[in-house]
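There are 2 protein chains.
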Amino acid sequence: MLGDEKMNNHEAITIAQKLVAESKSVLVGSNDEAGFPNIKAMFNLEHNGLKEFWFSTNTSSKRVAQFRNNSKASLYFVDFNNFCGLLLIGTMEVLQDDASRKRLWREGFEMYYPQGVDDPDYSVLKFTAIRGNIYHQLQNISFEL
Amino acid sequence: MLGDEKMNNHEAITIAQKLVAESKSVLVGSNDEAGFPNIKAMFNLEHNGLKEFWFSTNTSSKRVAQFRNNSKASLYFVDFNNFCGLLLIGTMEVLQDDASRKRLWREGFEMYYPQGVDDPDYSVLKFTAIRGNIYHQLQNISFEL
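In the order they appear, the protein sequences are chains A and B.
The working numbering numbers the first residue of the first sequence as 16 and each following residue consecutively.
The working numbering numbers the first residue of the second sequence as 16 and each following residue consecutively.
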């Protein structure tokens, strides 16, 4: 993009994909039992484009309880230095099947799940996006996913 | 804190205050009309301890519409490099009185509000915290505010 040109949908998606690729962490939005929006940083472990994202978490965590109660979720990728932010709106599933847990397991996860890949306190969260919005250079573009 | 010692409430608040003081930006959580949690990065402009925070925004923005419809809000301060995150849960008010707008006005705000401090598209958001949770060194501590 140059000067005052308006970002188009294709450019917005390209900027969003680049931001996701460069982000080691992402902010995950949920709702607690009283309906307050909650936010937590999580590792951006694995994704399929802008549509599906997978995270690891403790089964006993607040986030698992919140998503079991209300699957409405969001992800926010941010580059504070370049005033660029990507909001994805969607739903979150809590998975505990062996395939999902093995697929997402990373070296060092024993720090969080001492019993390893079969630790009952190890769960996988799967986010599926419905739509997105990117803020970049003072412009907002919304898109369906 | 040293080694495996459990962080106490006083230490948690001290770490939280330091994180807020060092944060130029903060993630602001809201709920949209369909009940999905939304997240947006905003400048951490002014605050009173961990209890009250003020932000500037466009009156025409999605966030203003969301908070007018549902005042439940959260703030999340994060230090990605040190795996430290502070979640504050509370409520958000939309203010447009002259005193609030003048108090929060900063050099360069003409970029967002071309008509200056009296621009009808310039609003102030005031967040009031109810409780907080800090994540630091694999520990979670919750506290009332």
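I should point out that these hints are in silico values taken from the structure, not numbers from a laboratory.
Check each hint, because a few of them may be wrong.
As the list makes no split between identical chains, a pair holds if one copy fits it or if it spans any two.
[As the list claims (entries may be wrong)] Lysine-lysine pairs mimicking DSS-like chemistry, simulated, CA-CA at most 30 Å apart:
1. Lys-21 x Lys-77
2. Lys-77 x Lys-117
3. Lys-66 x Lys-141
If you're wondering where the values come from, they're calculated on a predicted model, not measured in any experiment.
Unsatisfied constraints (hint numbers, rising): As far as the earlier hints go, not one is violated by this structure.
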